[in-house]
Amino acid sequence: MAELDVMTARSTAIELRNLTLAYQGHPAVHHLTGAFKSGSLTAIVGPNGAGKSTLLSALSGQKSGIEGSIDFAPALQSPQGRASKLAYLPQQSAIDREFPVRVLDVVSLGAWRELGSFRSVSADIRARASEVLAAVGLIGFERRYIGELSVGQLQRVLFARLLMQDAQIILLDEPFNALDTRTAEDLLGVVLNWHRQSRTVIAVLHDLEMVRQYFPQTLLLAREVIAWGNSAEVLTTENLARARQTSEYWDDRAPWCVRPPESGSRG
Amino acid sequence: MMLEWGTLLYSWIISPFADYGFMKRALIACVAIGLACGPIGTILVLRRMSLAGDAIAHAVLPGAAVGFIFFGLSLPAMTIGSFIAAALMALVANVVTRWTSQKEDASYASFYLIALALGVLLISTSGSKVDLLHFLFGSVLAIDSESLLMIAGASTASLLLLTVLWRPLMLECFDPGFLRSVGGRGALVHQLFMLMVVLNLVSAFQALGTLMAVGLLMLPATAARFWSYGVVSRSSLAAGFGALSGFLGLLISYHANFPSGPSIVLVAGGLYLFSLCFGTRDSFRLILFPTPQHKES
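Chains A and B, in that order, give the protein sequences.
Per my numbering, the very first residue in the first sequence carries number -8; after that it's consecutive.
Per my numbering, the very first residue in the second sequence carries number 112; after that it's consecutive.
One chain only, chain A, in its complex shape (with noise of 0.2 Å):
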């Protein structure tokens, strides 16, 4: 209990107030309100279809919501703030791999804030590159082309650039999925290590026992808050029922949503 706490006496990284987030009129994410507490490491989990990768590209800033609010701590109020302080793994589809890249210009790239459009890459990022290579454990990868590599490979690659956008938020998008148990258990050494230095990261996940094991806090989600807080406590039985419940069904026919804002959530 010491350590929730601590939690609750953190500050605020990103608080979601009655977020309402749509495809074509159909909530994905239905009238979520709640907090990410700064330096918190919480995996948000729940069925196929439950709004868990739409929240996490509202969060980044990737879609808007038509409904309610998304603030930020101060320093990441303004975009370029988010820009440069928080940093965003979609699931893999997003990547060309076909185009001829070298992977030491993909995670040269993670030094973004520095760098911009412009200016040259400098001897001392090269170097910063490599380090953070060396600690995803692919030493030796500088002058392969992305597309040479294999999923696993790749997501380290993508993980060795989040290494070098330093940020202080992280969102994961399904960061461990069809990885082998090798790879998911150095990237996870990775994620780890970032709440070690009091990072806040987010992660979209499946797999429940890593999630028990590793993960402090869960948000469960099925369209709507199933429950948030501390893991053990949201990963019960009849709330892991609950979230499965909730139909995928899209109903063309369903009534306008006509809730009152602050009567939102049942988180």
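Hints listed in this document are in silico derivations from the structure and should not be mistaken for laboratory results.
From the three backbone atoms N, C-alpha and C, an ideal C-beta is built for every residue, glycine too.
Please note: incorrect hints may appear among the correct ones.
[Stated by the list, open to error] Label-pair ranges, simulated between beta-carbon atoms: (1) E407(B) x G72(A): 48 to 54 Å; (2) L232(B) x A245(A): 57 to 63 Å; (3) Y14(A) x G264(B): 43 to 49 Å; (4) A245(A) x R396(B): 58 to 64 Å; (5) Q53(A) x T402(B): 42 to 48 Å.
[To be verified] Covered, in the sense of this in silico footprint (three residues per stretch, anywhere, with C-beta under 8 Å from a C-beta of chain B), are these stretches of chain A: (6) 70 to 78; (7) 102 to 108.
Take the given structure of chain A and dock chain B to it, following the hints.
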């Protein structure tokens, strides 16, 4: 004997360019166009936008027609009209792609067809068509110093702009989500790049005609892909192929009395077919006769 061969080679290869000003200008124009089209075409191929050039080439028609209607057969007026029409088409198509979930190719297809129909309508009401047709098919041998200046200017400006925009442009190609997440202006960069495509195509129209210009944009780039992998090496090779196509195409056109535009594009096409068959990266040769050689690790 050596001397005879030397004289023959000179008369075949050098003297057409040395003796005639129009051939000299045509060569400089083709080399300039080829150099800029190399990297631009390569990026279009990498972005899977190989047909965008074609769409843009068709979209110049209403602009050229309006220029022709108001100013008659004035090359500057028709060029500026073409540029405005094509740039507008690219802009609108891009905006639609970004704001809606309409795919880029569908968006380009829609707008260039509208532009094309509008152009045909305008031309059919404008009287004399012969001169306009001449414009559409181009004449590399009628390039005056002014159009040469414009071609060289467009080519230089494009290469400079490419250098400046290289990093965000590459990032926008292979990981646009990341560029957005770090606050890069991906949409703007892409728009500027498409503007470059328009600029080069329009400047090349005067020499090669609207449809032939696309040939010098795309064929060297698709050929280079069978020889090298990296973006820079591919772009350089494509630029070389482009310049070479211009040179050989002009010679053939001069000696055989063929129209210059198709000659140049056919040489580029020949280079493409040769690369496809004998290139060093997944060419037909390597697919049909794979080598069992492989490394230990």
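Do the hints match the structure? See the list:
1. The hinted window of 48 to 54 Å between E407(B) and G72(A) holds, with their beta carbons roughly 51 Å apart.
2. For L232(B) and A245(A), the hinted distance range of 57 to 63 Å is not satisfied, since their beta carbons lie about 46 Å from each other.
3. For Y14(A) and G264(B), the hinted distance range of 43 to 49 Å is satisfied, since their beta carbons lie about 47 Å from each other.
4. Checking the proposed 58 to 64 Å range against A245(A) and R396(B) shows it holds: the Cβ atoms sit about 60 Å from each other.
5. A hinted range of 42 to 48 Å for the beta carbons of Q53(A) and T402(B) is consistent with their spacing of about 46 Å.
6. Counting residues of the region 70 to 78 of chain A whose beta-carbon sits less than 8 Å from any beta-carbon of chain B gives 7, enough to reach three: the coverage restraint holds.
7. For the region 102 to 108 of chain A, the proposed coverage by chain B is satisfied: 4 residues have a C-beta within less than 8 Å of a C-beta in that chain, meeting the threshold of three.
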